[in-house]
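Below are the chains, spelled out letter by letter.
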Amino acid sequence: MKKLLSLTLAALMAVSMLSGCSNGSDNSSTAQNSGEEPTGTITLKVAHNMDFVTIPDAVLAAGERLNEKYAAEGKDLKIEFETDYARIDWGEYSNNLIFAQKNGEGPDIFSVSDLSSLVEAGMMLDISDLMTDDFVEGIYTPYIVDGKAYAMPFDLPVRVIYYNKAALKEIGWTDEQIEALPTQMANGEFTWEQFLDLCKEVQDKGAATWGLTHRPGAGSDFLDVFRTLGGEYYNDEGKLVFDSEGLQRFFQEIYDNANTTKITPQNLTQTTWDTINTMVGDGTAFAYYGPLYSATYVAGAVDKTPEQFAEDVGFAVFPVSEYNDTPFCIAAPQGMGINATTQYPEICKDLFRELYSGDSIDQLAHHADTIFTLSSVKAANEMEDIKTNPILEKVGYMADLSVTPPNVDGLTTYNNELYKQIQLLELGQTTPEQAVADMKTQIEINLDADLVEYK
Amino acid sequence: MKQNMRQKNMQAYLFLSPFLVFITVLYILPAILTVIMAFTSLDSAFIWKFNGINNFRKILMDPNTPIIAWNTVKYVGITIFLTVVLDLFFAIMTTYFIRDERKGNIFKSILMIPMITPGVVYSVLWLWLLEATPNGLANKVYMALGGSEPLNWIAQYPFVIIIAATLLTSIAYGTTVFSSAVKSIPENQFRAARVDGAGEWEIVRNIILPNLRFHITFIALWETLGLLTNYVTIMLITNGGPGVQTEVWALSAYHKAFSDSQYGYGAAISLVLIVVVMVLMLVIGAVMHHQEKSRS
Amino acid sequence: MKYSQRPKYERRNETIAVLVMILLCIPVLFIYFSFFANAFILDSTGELTLQNFQFLYQPIQLSQYTVEPIGKAFRNTVIFTAIATTLEVTISCMAGYALARMEFTGKRVISFSLLTLRLFPGVLLLIGVLYVLLHLGILNTLTGVIVVAIALRLPGSTFIIRNFFAGIPQDIENSALVDGCNRLTAFFQVIIHMVKPGLASISIFAFMSAWSNYLLFNVLIFNTKTPVLATYLRVLSRNDQMIADYGVFAAMAMVYMLPVLIFFFISQRQLMQGTISGGKGI
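Chains as they are written, first to last, in my numbering: chain A, 14 to 468; chain B, 9 to 304; chain C, 903 to 1184.
Calculated from the structure, these hints are not laboratory results.
Since no wrong hints were added, every one of them can be taken at face value.
Cross-link-like lysine-lysine pairs, in silico, DSS-like; alpha carbons within 27 angstroms at most:
id	chain 1	residue 1	chain 2	residue 2
1	B	Lys66	B	Lys82
2	A	Lys252	B	Lys66
3	C	Lys910	B	Lys111
4	B	Lys66	A	Lys468
5	B	Lys16	C	Lys1009
6	A	Lys252	B	Lys57
7	B	Lys301	C	Lys1009
8	A	Lys362	A	Lys391
A few chain A positions that, by computed beta-carbon distances, are all more than 12 angstroms from chain B:
id	residue
9	Thr56
10	Ala74
11	Glu81
12	Leu90
13	Ser233
14	Glu245
15	Tyr246
16	Val315
17	Phe341
18	Lys362
19	Glu395
Covered by chain B, according to a simulated footprint, are these stretches of chain A (three or more residues, beta-carbon under 8 angstroms):
id	region
20	106-120
21	281-287
22	436-445
Ideal Cβ positions, reconstructed from N, Cα and C, are used throughout, including at glycine.
All chains, full assembly: derive it from the sequences and hints.
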């Protein structure tokens, strides 16, 4: 019987060993009532996804400044951070946040994507009081749900059209003509139809292997072309719209680009980011549409500095077309939110305040400069970092043409389904009509009827 | 006597308890949860809301369902067929024809390499091999053989590729099983056949295959179960695409649950597969029962 | 029978078969070798280098992404594999022994469920498992993954080892029991040594599948603080974005696969035997 006992003990030990290796991360002090002033050292968990770590790093830097202030004021408070920077699909990232939250280990401050589900899961703190004049007008739009703001925008990246200047030169354009193109596209003198013809011309004359390229995965970039063709994907109330007619036109164009005029490689959706970045960087592809900040990747893929890159590639807004008479570019800020269940809501807000109105504005300017985007905060846009950025100095005018779409419930699903059809269309495996019908069925199945307006 | 039985029970259950705890918590409980979830609209906000048979209606309404079901049948059917044929071929080659066990084992070990390669490495190996640029190994070979343009293999032949990739990892298991079965055939059966003037092909057909009958059935069924439910290779190489061309049933459950966070819907899709698997298990049970009976 | 004594046609057949097998194996080996050769070639210039291995000791910069050195992921993988393997083998041994050698109420039911569970693919229950772990508070932890990894393989291992136990002649155990050992001493001193081949084969499979596991980490771990080799490599090679160039990836893959390969060469014989007795990784 003694042996039995020892065996049980051994089993118990194994179990305790097991629990010992869990990464029990929450070791911060016990719960504090929000009314009480926190003291001592507190740890805030910061979560972020994808490359632009200058966003969470700005929060960390703001924390340092606040600590210095507290020390100067003689306040017994020190903020420490625990970071978790992921690099996964945004959908997965949102899921992870919600699971972590359910598991009682949700981060205090985190980058936000798919805001609606995060709000529904009850993990977003209402930060409407941070919506001040310090920000560029309208920039909070994507983060407003039912009239409340849930995340602070950290930048103002716009999505644009890239085009290769050398290719235009090769087909006989003068330098003046080349430099004038963005202006013409911005003031309605050069249309989308003309631009597509240009892509074809460049390709036919051998100045580039491919005319027009795009991202290799689901994403909002496609919505810009959709919009250029008069397509609608949200209405005035910010509700998702299924616009059959617009989609038909868009799908027809996607199909034609890959299969009729062949300005887009048929298997573009099967390639990787790196291949596409290289194509755009070395001029194999004449034009590309996507966020301006992709320029950092493109330049990196072909080992160019931003200055060199700005010499070779021009940027333009989406021009007018037969179906759309306002040139535009979409601004899609990246923002961070605060956990509704954080123990330190006021400190988290102070960190944000420090960033947009305190001494740490330079951090936002630094972030914007790093990823080639304008800042969400007016004061940051006046800073040297942004003013002297070789790419940003040329695109300043775009801010006036920028449109900031609201938070649209179900857009992720919409984008995923859209992309599936784009893949098949480009590979020539479906027809535009079929694609519209198939996508409609998928939207009907996967999104609740009251989320979508069909037209 | 009663005292004795109680003690025996206690002893046995002491040995069994960890096992039983694991099974209860991680099989029985999740199974019950999956069944319940299949009737809810559980999503990323994690609110349990029953929605009747809505999820199953969605499955039926989805035009992709027949495509995915057909993909699954094709994927499993073709892979099983080829696996069994290749297993037999390799087993006979390395055991019957190559009598030297050492040499045979070397080849069998080489066949095991894909099986032991971790999935994340194995998939990149294929992506690298089939790279769409002229630098890709497959394209280099293809162009050396007279191909004019580099091919984008994965975009053009996604189904062939996932079958090939799966096949390569599944050969080792069946080959080893068949090969030990071949080894256990008494040598004098071959001798007798040869004395009767039988050629090698006849020996394979009339002696080896009949002897391996049960093994073949077993492997075919066992691999079917594995292929129906194991989607990691597909997930890592094509992730079901382009479109839904290589999406199979188990992978679509994963996608709905873990990519679209429609956990309820995902559970419903899983449940359908679980029912299919259960039926298959009954068949396997019957086959094994039959096998034991006819042996004794 | 010695090679030279065997009939001529047999020797001829063997030669042909060996040639055919060599021809068939060459492409596979060639692909593997050329892939791993990338590890020693600098992507940009094509010269021989060890630079691709810098991730072993220092953070490296890949496009916009700073990759932490591999140490932590390696350590986590070792911890995970060691605990999962040990516990899986221990628990399945205990259960297998009870089912093979003991008489108790409910034996038939448990034996039958073992048969069923062994065939049942547990991965189908992952959605439910996730929920269970959430409530146990071990979702998003290494512990959670260990527990699930063990559970998924437990029926298979128990089934194998039970058959090994059943194969021991009752006399041996009886004589041990007569010699004054109780069940436990008999178990540890005598019986366990008789099933060494079985232990070896379930350990090997447990090791292999734990070391290579990707799916469970993908589904059950939501932070970057618990990297294992599988997720460490996967992050750098997503379908739409291959961050690491093939040189660096091949170098990492080599580090990842080396223990598997070493283990494989040591344990080949048991691996084959184990395969025959019905084990297979998930």
